[in-house]
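Q: Listed here are the chains, written in short residue letters.
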Amino acid sequence: MGRMLSFLKVKDWLLFILFVFFVFIQVMLSLSLPENLTAITSALKLGNADMSTLIMPGIAMIICAVGSVVSAIIGGVCIARISASIVMRMREATVEKIISFSLAEMSGFSSSSLITRSTNDIMQIQMFTTMGTQVMVQCPMLAIFAILKMGSNTTWLIAAALMVVFIILLHVVVIILVQKKSMLVQKLVDNVNRVTREHVSGMRVVHAYNGYTFQEKQFDKVNDDLTKTSLFVNRSVGVLSPFLSMAINALSLIIYLLGAVMINDTVDSGDRLTLFSDMIVFSSYALQAMGAFVFMLLAVIMLPRFLVSLKRVNEIINAKNSIEDGKFESGANGMVGSIEFRNVSFAYPGASGNAISDISFKVERGMTLAIIGSTGSGKTTLMNLIPRLYDATEGVILVDGRDVRDYKIWALRDKIGYVPQKSFLFAGTIASNIDYGQKSGLQATLNEIKKAAEVGQSKEFIENKEGNYQAKVEEGGTNFSGGQRQRLTISRAICRDPEIYLFDDSFSALDFKTDSVLRKQLRSSAKDSTQIIVGQRIGSIKNADMILVLDKGRLVGQGKHEELLKTCDVYREIALSQLSSEEAV
Amino acid sequence: MAEKNNKKKPNNGSTFKKIIKFMRPWLGLFIAMCIFSLLAAVFSVLAPNYMKNIVDEIEKNLSGNIDMDAIKDVAIVSGIILLAGLGCNIITSLISPKLTMVTAEKMRRDINKKANHIPLSYFDTNPEGETLSTMVNDVDTLATAIGNTLPNVMRSITSFVGCIVLMFVTNVILAGTTIVATILGMLITVILMKKGQPYFSKNQSGLAEVNSLINEDIKGHLIIKSFNAENDVIEAFKKSNLALYDSTWKSQFFSSLISPVSTFASNLGYIAVCVVGAILVFSGSASVGIIVAFISYAQLFSGPLSTIAQAGGSFQPAIAAGDRVFALLEQPEMIDDGKTEVSPDKVKGIVDFEHVKFGYVPESIIVHDFSLHVEPGQKVAIVGPTGAGKSTLVNLLMRFYELNGGNIKIDGVPIGEMSRETLHSLISMVLQDTWTFEGSIKENIIYAKQNVTAEQFRRVCDDTGLSEFFEAFPNGADTLLGEGSGVSAGQKQLITIARAMLDDSPLLILDEATSSVDTRTEKIISQAIDKLMEGRTSFVIAHRLSTIKNANVILVLKDGDIIETGTHDELMAKKGFYADLYMSQFDNQ
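Just so you know, the protein sequences line up as chains F and X, in that order. Counting from 1, one number per residue, gives the positions in the first sequence under this note's numbering. Counting from 586, one number per residue, gives the positions in the second sequence under this note's numbering.
Only chain F is shown next, with the shape it has when bound in the complex (with noise of 0.2 Å):
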């Protein structure tokens, strides 16, 4: 709370205040109402009145609703502003703090939960800000003053009490009944769309297997714990509104009543009327008082949800960012291109081996390093380190003779150009995507857009494509094929025309021919950059200056094509599968 809080600014508790006071204005205006609903009656009564003491606290009564109307739209003014800005500082701050997570904070909250924080979660307290801080402010201030005027009668005062003390109790007990339940519904629906989304995607394998039953079954069970947790929480929540209105309804019949006594036992004609306008009044403002009081349980049924949310939001922001800014900005002693592991050990948080262990090798400027091994035997993951995605957990890594984390960051990942492995495009253009982020004294023109396209084997696909460079990219690049994509990124980390360069697993879904025209034209227009490339095929490594053989996250083979085939055995067993023996030598 304390730190929601902390959006605000000066200007913003100005507004707070200016809120508040229109708040007030408005509640003792609407107040004033009743006031002179009893001048009028009571004139009635006494019999003396004459159309003129009818016209004045009926102007008075106009006045009243139209100012209270004026007053509550000013604070609306005044709140709506507030919380708006409230929840787009918070959006803000929390989409630069993901921003600034390394990868090991973006697989701990996971990505969809990240998405759904940031979006779902806010919306919450947005909703919750405006209508929430509203009732919050309004409706204790309503109930106070309506008290106030009521009048001091204490019999009606207590018979008013007990209803209140029965309201709340129904709502404790509603809420302690159904507060586990209802936080189980958003899981729940997360289940339904899971399944769903996992039986359209894998329509084919169901028919392949005739999964039609399993799926059924799975569907149902899913389906129908939504169903009756859902049923229940809808039915104990509806079952307030009917209490509530009748309790409203009950409070009246009993101010009457105890009204109806009270001014039978009174002797004094002139105490009786007094006592029956009181009784006009009180109920009135009884009415009031409780209407107000409904709201505010409203808005406390309606707060757990948004302290979870905003639980959820605050984890976010106030992580701790595990990885810290360096100072320098450049190598030791002019050094380019050039890294060394001396050690290197890293284990993902919270996993109990290591994913890499005692790594060390080193590359010159000008090298192209291959990295190959079977699936889960840490490439990409010593791959991460490089750019500092994630920090070695022991040993050093040094980008050309310093280490890493004493590296401003942006400055490390100025040295390098990074394709992943999944190929990832931005909403956009093709020229958006090429050029994109930022390295210090670059500033890429159209020709050398292209001269990236070209080498990244994307030139003619793009230029047959309507408006070219300028030619629309969907979100997530739907509108290109997976082919089309990979080399789109290959052709991103070319424009940055890196000293280091970064390729993991990035031409699985290029043919061996492309693959090998890019490489040889990659090579010859960055003839002075370190490759590094993470791999599968033989064929695309086997020429690199040296090859890392890696195996459960140990290095098992380090050296070129020819000398691991005669000593390492992992090794060959790799090329063997993939080239009959003698293509192998």
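It is worth saying that the hints were derived from the structure and are not from the lab. C-beta: ideal position from N, C-alpha, C; glycine also. Check each hint, because a few of them may be wrong.
Said to hold, decoys possible - Distance condition first, Cα-Cα at most 27 Å in a straight line; then the derived DSS-like pairs of lysine-lysine: (1) X:K683 <-> X:K603; (2) F:K520 <-> F:K560; (3) X:K924 <-> F:K217; (4) X:K699 <-> F:K228; (5) X:K824 <-> F:K9; (6) X:K657 <-> X:K645; (7) F:K472 <-> X:K824; (8) X:K698 <-> F:K221; (9) F:K217 <-> X:K606; (10) X:K824 <-> F:K97; (11) F:K513 <-> X:K606; (12) F:K422 <-> X:K804; (13) X:K924 <-> F:K221; (14) X:K603 <-> X:K698.
As the list claims (entries may be wrong) - Quick list of simulated restraints, FRET-style, between CB atoms: (15) F:T393 <-> X:S1004: 53 to 63 Å; (16) F:K320 <-> X:V946: 53 to 63 Å; (17) F:V189 <-> X:K606: 45 to 55 Å; (18) X:V750 <-> F:I168: 34 to 44 Å; (19) F:L5 <-> X:G761: 48 to 58 Å; (20) F:Q470 <-> X:S790: 22 to 32 Å; (21) F:K320 <-> X:A1164: 56 to 66 Å; (22) X:S1004 <-> F:S345: 33 to 43 Å.
Take the given structure of chain F and dock chain X to it, following the hints.
A: Positioned in the frame of chain F, the structure of chain X alone reads:
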């Protein structure tokens, strides 16, 4: 949503009929709900009207003796009315969620079942997200409208009509006054809503934009970081966020006005009642009790009006949602199954493609005249560049699509004459997209197969090398698959291969089945696959040519046509397209 609504003009009448038809099993429940909510409304109108008798009674004898017995009678009747109202309201609020939930449950179940009978081409042409949104969100919207909004509207209409009747019965002049004043106030609300409308829709689209940016920023996080694009991304986000702020506070402001303005409307009624009532009392044509009752009526009267106005708004999307739900439920189903029974145990595995002609859309035929005879136990490899139509052939064998001409036979029986379940029980299939569901690895491997023994399961895991991985997982084969389970893409592929091995059908289709496993793992699998393929007719699609060198027949496809056929050696000797493709993997100078 708004766009979708425009695409198909919803035919309100027929959708409404369909909804009623769909709800027939619960018609009794629905009618009961309507009756009880009507009753509840009647009681809620009656209660204040009746209670005013107490005030009248007191007023009548203000200077004399109050008739406590009469008051007692009124109180008892009022109490009964209140309790009856409470009872009816409670019954309504127990029935209405039930109705919502059972409708939603049945609708979801029906759609889920329906999905199994819709041709695959439906899923090809309709984005997954849209189908999902119909299955989940639209059903929810529609069911909520049926269960919650409908009874509310019924209740409101009753209260509204009841109120008007009672008011006119009680006092015609005051009734007219209340109605005119309240409607005047309501008009202001309507005008305000109209004014606010542009901001509401701007806020919706702004929110959608910001949320899709967030989505993209999170999914592209890795790239943003490694390309130093943090500042660009944050700047772009701030811009959209700021634009959203503007429409947010304006739309919030307008919606926050509804409540005070409708209070103002009912206050207008209230004042009018007081002033006019006072004049009436003054002239002796009404009692103070009547004024008190009218004050309640003014509130009872404005409440339902705004409920009806709001319900009108929420019904529009519900009808549109219903339209999409029923459009899905009424999709034409796949052509009827055949009747010929073929037992998997007796099938030899002869496959014939006879002059097969096919196009995903009839106007564009991509397989023109394809014939192939495959002997039992033969291995057929299909190669060619992306988009050449490799998967199409096996999809046709699985009868995922209907042919436009020609015939496909297994052991001489046309596949169209078997039931789909029979056909699928003859073929095991492994696809490029590793499909797994949230459940244990074991459940994923066994999937829909019945009566799998522990021994069978263990052997399959050994053969695929999965047993080895199980050691690394905390719960072995019972480890749950899902986000953050630590199971790699390659391991998932192994699971799908194990699933096919366990299925143990006479025919086998591998559609790029080893693309996400590395070559070493692939070798382990390929030994298992080789064993699996012994005696089975198999179709293998692969872009790693080394895996298919020992195929009996290699079909080289380009643009939907077979351009070369033969064994590896024959094709290499031919020095054609295949030889070129094959050599390019060693060409790395």
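Q: With reference to the structure, classify each hint as holding or not holding.
A: Against the structure, the hints:
1. X:K683 <-> X:K603: holds (20 Å)
2. F:K520 <-> F:K560: holds (19 Å)
3. X:K924 <-> F:K217: Since the Cα atoms of K924 of chain X and K217 of chain F sit roughly 26 Å apart, the hinted pair holds (cutoff 27 Å).
4. X:K699 <-> F:K228: holds (23 Å)
5. X:K824 <-> F:K9: Distance ~20 Å between K824 of chain X and K9 of chain F Cα, so the pair holds.
6. X:K657 <-> X:K645: holds (15 Å)
7. F:K472 <-> X:K824: holds (21 Å)
8. X:K698 <-> F:K221: It holds: about 14 Å lies between the C-alpha atoms, which stays within 27 Å.
9. F:K217 <-> X:K606: Holds, at about 26 Å.
10. X:K824 <-> F:K97: holds (17 Å)
11. F:K513 <-> X:K606: Roughly 60 Å separates the two Cα atoms, so the pair is violated.
12. F:K422 <-> X:K804: holds (11 Å)
13. X:K924 <-> F:K221: Since the Cα atoms of K924 of chain X and K221 of chain F sit roughly 32 Å apart, the hinted pair is violated (cutoff 27 Å).
14. X:K603 <-> X:K698: Holds. K603 of chain X to K698 of chain X sits at ~19 Å (cutoff 27 Å).
15. F:T393 <-> X:S1004: 53 to 63 Å: holds (57 Å)
16. F:K320 <-> X:V946: 53 to 63 Å: holds (55 Å)
17. F:V189 <-> X:K606: 45 to 55 Å: violated (27 Å)
18. X:V750 <-> F:I168: 34 to 44 Å: holds (36 Å)
19. F:L5 <-> X:G761: 48 to 58 Å: holds (51 Å)
20. F:Q470 <-> X:S790: 22 to 32 Å: At 24 Å between Cβs, range holds.
21. F:K320 <-> X:A1164: 56 to 66 Å: holds (58 Å)
22. X:S1004 <-> F:S345: 33 to 43 Å: Given about 57 Å between the Cβ atoms, the range is violated.
Hints 11, 13, 17, 22 from the earlier list are contradicted by this structure; the remaining hints agree with it.
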